[in-house]
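Novice: Line by line, the protein sequences are chains F and Z.
Just so you know, we're using the UniProt record's numbering here: the first sequence kicks off at 1 and counts up by one.
Just so you know, we're using the UniProt record's numbering here: the second sequence kicks off at 1 and counts up by one.
If you are wondering where the hints come from, they were derived from the structure by calculation, not from laboratory data.
Check before you lean on any hint, since a few could be wrong.
Restricting the straight-line Cα-Cα distance to at most 35 Å, the calculated cross-link-like pairs of lysine-lysine (DSBU-like) are [stated by the list, open to error]: (1) K140/F to K80/Z; (2) K249/Z to K140/F; (3) K80/Z to K98/Z.
Remember, predicted model here, so these are calculated numbers, not experimental data.
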Amino acid sequence: MKDIINCRREITSRRLRKIRMATTDIISLVKNNLLYFQMWTEVEILQDDLSWKGNSLRLLRGRPPHKLSNDVDTEHENSLSSPRPLEFILPINMSQYKENFLTLECLSQTFTHLRSPSTERILLAIINDDGTIVYYFVYKGVRKPKRN
Amino acid sequence: MPPLVFDIDHIKLLRKWGICGVLSGTLPTAAQQNVFLSVPLRLMLEDVLWLHLNNLADVKLIRQEGHEIMEGITLERGAKLSKIVNDRLNKSFEYQRKFKKDEHIAKLKKIGRINDKTTAEELQRLDKSSNNDQLIESSLFIDIANTSMILRDIRSDSDSLSRDDISNLLFKQYRQAGKMQTYFLYKALRDQGYVLSPGGRFGGKFIAYPGDPLRFHSHLTIQDAIDYHNEPIDLISMISGARLGTTVKKLWVIGGVAEETKETHFFSIEWAGFG
């Protein structure tokens, strides 16, 4: 009986450790996913950090392999060889939302303190516990969807 | 009871101000598809609050239920109302009959079945053989009044209430139904020129059109307001909402009000196209 309880306790604490995956872990996870699964290039971890609810938020920067949806430069696009603009990525753990982590204030702070003035959007990388990562663009304010 | 508008002219005016509402009137015996619905126009509570706070509309509170209103009508008044309705209907039928008959005669002349010398009797005989009168009878439209005569002269509780009383009642009703902050999102979007409709179809609180819904597709699905500091964004509904948005060309918008500055913050979210 005691063994079962101990075993359960062990599993629970392991789970908790998994949920509270350190920020550096999720950053390198997203970095690897972008580089080796989504085939991005020039992916690097930026130095600026923002402390938020006991974690430190950091952005990644990288270049997508092809044109992404709702690209800003659709109007004055004339040369196919022009490199795609750099994107800025904020990795976030899916389970963190339960802990009041990703609030509107958190997004505002990220936009104010971490975003480079060269971009108007941040790419949110949401890490699931099943090994998948999904990517969503976040724009500050109300924006028009792409024309097509 | 939801806020309703019964007068066609009022509905036109509201549309000019960017409030479109949802038509909801139908007949129990002949329920219609929603594109054929008629008055009353059903508004969102936010619409009513906005109209009231901008002093653009009178809000009349009716506490009686529909059946209570009907029971309150005396026999005498009921007979009077029914006579008015019947007279109006007969008048409309007569007009339609004459219009259709004239049209029919013009058509017969055009194809050469009759000419200016044809007598009335001959015409009658021709009509009878082709069952024309019966056909006309079955094609008559039933005209329904645009406005309610019963509601127009109903006694209302709000006659004795001041504007502030009505504001308080509306705010109270609104707080019971949802978050006050959502109204501030509504207001901020209206101030930017968006026309807002209920957004349940796309899993949001509102959908926003950049102009009249008959001219534009909607651009945004707006979510209920969340607390700026303490409420987390629900990532699961964000993922599903923004993913749905790619196929229906709508951005998923979440917003809230920062209490200290009273500033509204919006974020538009869209699937990146991969992952």
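Novice: Evaluate each hint against the coordinates.
Specialist: Checked hints:
Simply put, K140/F and K80/Z have alpha-carbon atoms about 61 Å apart, too far for the 35 Å limit, and the pair is violated. Between K249/Z and K140/F the alpha-carbon distance is near 18 Å, which keeps this suggested pair within the 35 Å criterion. For the hint pairing K80/Z with K98/Z, the CA-to-CA distance comes to about 27 Å; that is within 35 Å, so the pair holds.
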